[in-house]
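Each protein sequence line maps, in turn, to chains R and X. In this text, residue positions in the first sequence follow our numbering: the first is 258, and each later residue adds one. In this text, residue positions in the second sequence follow our numbering: the first is 740, and each later residue adds one.
Don't read these hints as lab results, they were simulated from the structure. Don't be surprised by glycine CBs; every beta carbon is placed ideally from N, CA and C. Please note that a few of the clues may not be correct.
What the hints assert, rightly or not - Estimated spans, in silico, between C-beta atoms of each pair:
1) X:A847 / R:R351: 17 to 25 Å
2) X:I824 / R:G320: 44 to 52 Å
3) X:R875 / R:R352: 47 to 55 Å
4) X:G815 / R:N321: 25 to 33 Å
5) X:A802 / R:N321: 24 to 32 Å
6) R:L315 / X:V743: 21 to 29 Å
7) X:F885 / R:D360: 36 to 44 Å
8) R:L315 / X:F885: 15 to 23 Å
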Amino acid sequence: MQAVVLAAVVPTTTYYLVLSAALFGIGATGLLVRRNPLIMFMCIELMLNAVNVTFVALAVRFGNIDGQTAVFFVLVVAAAEVVVGLGIIISILRRRPGATADDLAELKG
Amino acid sequence: MDFVVFILASAMVIAGALGVVLRPNPVHAALSLVLTLFGVAVHFVALGAHFLAAVQVIVYAGAIVVLFLFVIMLLGVDKAEDLSIEPFPIQRPLAAVVGAGVSGLLVAAIVGAKDTIPEGTPLGADGDQNIRALARNLFSDHVFAFEFTSVLLIVAVAGTVLLTRKEKKGSA
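So that you can see chain R by itself, here it is in the shape it has in the complex:
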């Protein structure tokens, strides 16, 4: 009986938006809490994914494909951003191994 009731519910756009709000909040919290630059980067990816879910859910709701095109561009920019960011992290960590975000408070190498 319970399974029949569950199967009858159709997830609306609101469900997806609430999910992406939760994902964005978790990503933001992680970005503020963690001090390993690599993990801070992963938290940024979480927040980008939350935005992507919002884009796709609303694109489907409005029947407008532009939202999915925007997600495509977000993916491309995220890939470029990860490449540059990891390059910076490599050159920092090569110079001082085990550096956390707190150790990098000044630009002086």
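Position chain X relative to chain R; hints supplied.
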């Protein structure tokens, strides 16, 4: 059935996200990120965005997370971080408040605007149709932006090579 898929995929997404934030070992965090990305891909399939689901798996789970793991292994920073050290005593409660506040405000806005979003004609859930529509949109309305992303990628690759290059002795 749709709802069961939604619940399972959402559980994947949230569990993976919590894993990224809470796991002390960077390798475990990267693998939790894969779980989240697959969950998001399942949501994309459920919403009928088949092309983006495929790209999500290929680019995010395939390329970006592998890049993360590659950097972790290259630098040898795969040691577990001691999470019991708190440099600023108030940082974690404050961060939790900020995160919960952002989520709470967003959810309040979403629930408040629930009935004001007008209903459009839903996109066709047929996979072929989705890819056709996306391609038509991408190569007509957004063709300049699309071409410009190639410039962006070239600049990113060239910049990264320059950033991570080891300076030779003797050269300025």
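Hints the structure violates: just list their numbers, smallest first. 1, 4
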